[in-house]
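Participant: Protein chains in written order, with the working numbering: chain A, 24 to 134; chain B, 697 to 805.
In short, the hints are calculated from the structure, not lab data. Any given hint might turn out to be false.
[What the hints assert, rightly or not] Which stretches of chain B does chain A cover? Using the computed rule of at least three CB atoms under 8 Å from a CB of chain A, they are:
1. 718-730
2. 734-746
3. 749-757
Every residue, glycine too, gets a C-beta built ideally from N, C-alpha and C.
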Amino acid sequence: DVKVTQSSRYLVKRTGEKVFLECVQDMDHENMFWYRQDPGLGLRLIYFSYDVKMKEKGDIPEGYSVSREKKERFSLILESASTNQTSMYLCASSFGLGKLFFGSGTQLSVL
Amino acid sequence: KNEVEQSPQNLTAQEGEFITINCSYSVGISALHWLQQHPGGGIVSLFMLSSGKKKHGRLIATINIQEKHSSLHITASHPRDSAVYICAVNTGTASKLTFGTGTRLQVTL
Numbered sequence: 024d025v026k027v028t029q030s031s032r033y034l035v036k037r038t039g040e041k042v043f044l045e046c047v048q049d050m051d052h053e054n055m056f057w058y059r060q061d062p063g064l065g066l067r068l069i070y071f072s073y074d075v076k077m078k079e080k081g082d083i084p085e086g087y088s089v090s091r092e093k094k095e096r097f098s099l100i101l102e103s104a105s106t107n108q109t110s111m112y113l114c115a116s117s118f119g120l121g122k123l124f125f126g127s128g129t130q131l132s133v134l
Numbered sequence: 697k698n699e700v701e702q703s704p705q706n707l708t709a710q711e712g713e714f715i716t717i718n719c720s721y722s723v724g725i726s727a728l729h730w731l732q733q734h735p736g737g738g739i740v741s742l743f744m745l746s747s748g749k750k751k752h753g754r755l756i757a758t759i760n761i762q763e764k765h766s767s768l769h770i771t772a773s774h775p776r777d778s779a780v781y782i783c784a785v786n787t788g789t790a791s792k793l794t795f796g797t798g799t800r801l802q803v804t805l
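So that you can see chain A by itself, here it is in the shape it has in the complex:
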């Protein structure tokens, strides 16, 4: 069974903390994505990566950075968490223009 695994289902952090969200896929996909999902706004792309050490900004990259040192792992970093980054974060992967496979999401609360 193909899998995209996100390290935490729920996370609570304080304002100003550095936050790491990890995502691992076991399908050898070259594309990996980080989205956030907010009520009424749908899914918005933060960053994506099409190869190891390659990354491109999505629609809302401000306040975030990413790291892809290995093909199977794509990390999202909140350098200094703020309350407006409270959201559901979803990781996904794909091969070429193929179907996306999503992780189960991380609900992050920043207090």
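Fit chain B to the given chain A structure using the hints.
Facilitator: For chain B alone, coordinates are given in the frame of chain A:
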């Protein structure tokens, strides 16, 4: 105006009804995706299509490239079909997607 528009935003149906969810887009696309998200759950890809029609069980997805429109149909709906259905498109050769805001479906007994 969003590049991807879905209608309706909310839909309530009785078990057994035939359901249609619509998606219109305003840009050139290479593929269109239909996704399903159950409450509290992750997102599952239902279909990816670039022309014509695809069927999987009780689900049917169609696309009309000229009219920039796609529909997702559910035949003989069941309460377990209750979920948010999301339309998304690949524009050009980009692997990233542009998403609609979703249609919340509730199927009652």
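Participant: For every hint, state whether the structure bears it out.
Facilitator: Hints and how they fare:
With 3 residues carrying a beta carbon less than 8 Å from a beta carbon of chain A, the stretch 718-730 of chain B meets the three-residue requirement, and the given coverage holds. For the stretch 734-746 of chain B, the stated coverage by chain A holds: 6 residues have a C-beta nearer than 8 Å to a C-beta of that chain, and at least 3 were required. Coverage of a stretch by a chain is defined here by at least three residues with a beta carbon nearer than 8 Å to that chain's beta carbons; for the stretch 749-757 of chain B and chain A the count is 0, and the condition is violated.
Checked against the numbered hints given earlier, the structure breaks only hint 3 and satisfies all the rest.
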